[in-house]
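Just remember that my numbering sits 1130 ahead of the position in the sequence shown, which is counted from 1.
Since the hints were derived computationally from the structure, they do not count as laboratory data. Beta carbons: idealized from backbone N, C-alpha and C, even for Gly. It is possible that part of the hints are untrue.
[Claimed, not checked] Within a straight-line C-alpha distance of at most 20 Å, the following computed EDC-like cross-link-like pairs (lysine to aspartate or glutamate) qualify:
{"no.": "1", "residue 1": "K1136", "residue 2": "D1146"}
{"no.": "2", "residue 1": "K1495", "residue 2": "D1430"}
{"no.": "3", "residue 1": "K1208", "residue 2": "E1190"}
{"no.": "4", "residue 1": "K1417", "residue 2": "E1356"}
{"no.": "5", "residue 1": "K1230", "residue 2": "D1203"}
{"no.": "6", "residue 1": "K1265", "residue 2": "E1182"}
{"no.": "7", "residue 1": "K1230", "residue 2": "E1219"}
{"no.": "8", "residue 1": "K1248", "residue 2": "D1262"}
{"no.": "9", "residue 1": "K1255", "residue 2": "D1146"}
{"no.": "10", "residue 1": "K1191", "residue 2": "D1262"}
{"no.": "11", "residue 1": "K1492", "residue 2": "D1423"}
[Stated by the list, open to error] Cβ pair distances, simulated, as ranges:
{"no.": "12", "residue 1": "G1275", "residue 2": "R1370", "range": "38 to 44 Å"}
{"no.": "13", "residue 1": "K1288", "residue 2": "D1245", "range": "50 to 56 Å"}
{"no.": "14", "residue 1": "T1303", "residue 2": "D1245", "range": "29 to 35 Å"}
{"no.": "15", "residue 1": "K1288", "residue 2": "K1191", "range": "54 to 60 Å"}
{"no.": "16", "residue 1": "S1393", "residue 2": "G1275", "range": "43 to 49 Å"}
{"no.": "17", "residue 1": "I1464", "residue 2": "S1195", "range": "54 to 60 Å"}
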Amino acid sequence: AIWTRKSNLFQSLLRDLQIEGVPLLGCDADQVSTLNAAIWTTMAELGDNDEEQRACLVLEKIPISALIAFAEDFTVLKTQARLMDYLPELRRYSVSVLGKGLGPALLLETVARSDEEKTTAASLKAVETTFDRDKTVAALKSFIGRVVVGMEACPYTKSVDISAVGLEQRGVTPGPVGYRYSPTTDACMAMSMFWNCICEMMSEPDANLSSIMLSLPGIGMGGSQEAHNRFAAVVEVVGRYLCLFRGDGSFGLVHFHPAYDRSTVHPIQKPAYGHLPPTTWLRPMLKMAGQGDKAGELSDDDLALSDYQRRAPHTAINILRMSQVNAAAGPKSIVDLDLGDGTTEKASGITLYTRNTLRMAKMGKDALQSALDADIAMQN
């Protein structure tokens, strides 16, 4: 009887919304991936409009607990100034579960843009038309060919088009890298693109699609600290919602930006999903890998060149299958790293990060930066 009463209340709430002219969008999402793709795509569409907007997503196949988790986390996110300072477009949104969870529906709402916000939005839209898909992807492929393949930053990527090569004995099939692209300057649209990539990877076997490189040249444009903060905030939200729904068990992320600087990525002294290990861990890693001499010789500036592994010509996210990540790392990859200050941390990939750090230091800043500048010039 309680269930019937709840159901009737839910139906009457939906009817009220209909009377108010709020679109009711039925959605057959039945997985975390399609749920997130639906939410962020709808949010991006609502946000595209200067006026206030409302829409109700009805998700019959999704447990209400999952909708509550999303709505609660989004509400918390909006209170976090560290992120929201660089995600201003999200301030317009609110997300709630209809009738506090009477039924499986999310109410998505935006407030109208101020005149200043309208001007900003219009100028960003104009910027989006200046990107060229082919040039952007060609520049990224140049970077991957140079750093990921040429300098063997990832030993299992032997060309810009095929990844997970050499892991067959560990049960992983090599397959093509999918290059995906969006000129968007909007965080919700970037999220929508990301989740659509996750849906695509879930629907394709490894042999058809090994990993995806998602180019987002409109997110965190340029090499300023401001641009890097914007990039870091957007990719943190990407990782946050993947982890909220346990997607980090299935997918690994690798983040890239032209001014990539691990020493300013939050949390600075702890691992951050999709990022290099903390800069302060590099010396202890070198020591652990038997490179004590180098750990003593190299300056902090030399070690900081390690960031060039992630300095691509524009913001990009590599989406990997965890089956590949685990096979590549091998069974004994997680170790206790002595940080030399009386603390130890769990760390992995020591051999790879040591080798990459030494290679970058050997190349030197001038050579690394001029090669990056040449990649950036390709997309302009």
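For this session: Confirm or reject the claim that T1303 and D1245 have a C-beta distance inside 29 to 35 Å.
Result: 54 Å Cβ-Cβ, so the 29 to 35 Å window is violated.
Exercise. Holds or violated: are the alpha carbons of K1265 and E1182 at most 20 Å from each other?
Worked result: violated, 36 Å
For this session: Given the hint of 43 to 49 Å, check if S1393 and G1275 actually sit that far apart at their C-beta atoms.
Result: Since the Cβ atoms of S1393 and G1275 sit about 27 Å apart, the hinted range of 43 to 49 Å is violated.
Problem set entry | Cβ distance range 38 to 44 Å for G1275 and R1370, holds or violated | For R1370 against G1275, whose Cβ atoms are near 31 Å apart, the range 38 to 44 Å is violated.
Exercise. Taking only the CA atoms, is the gap from K1248 to D1262 under or equal to 20 Å?
Worked result: violated, 25 Å
Exercise. Are K1230 and D1203 close enough, with their CA atoms no more than 20 Å apart?
Worked result: holds, 15 Å
For this session: Take the C-alpha atoms of K1208 and E1190, compute the straight-line distance between them, and say whether it is at most 20 Å.
Result: Given pair K1208, E1190 is violated - Cα atoms ~27 Å apart, limit 20 Å.
For this session: Below or equal to 20 Å on CA atoms is what counts here, so check K1255 against D1146.
Result: Violated: K1255 and D1146 sit about 35 Å apart, past 20 Å.
Exercise. Between K1288 and K1191, does the C-beta distance stay in 54 to 60 Å?
Worked result: violated, 41 Å
Problem set entry | K1230 paired with E1219 [C-alpha distance capped at 20 Å] | With Cα atoms ~25 Å apart, K1230 and E1219 exceed 20 Å; violated.
Exercise. Holds or violated: K1495 with D1430, Cα cutoff 20 Å?
Worked result: holds, 13 Å
Exercise. Is it true that the CA of K1191 sits at most 20 Å from the CA of D1262?
Worked result: Answer violated: K1191 to D1262 is near 39 Å, above 20 Å.
Consistency with the previously given hints fails for numbers 3, 4, 6, 7, 8, 9, 10, 12, 14, 15, 16 and 17, ordered from lowest to highest.
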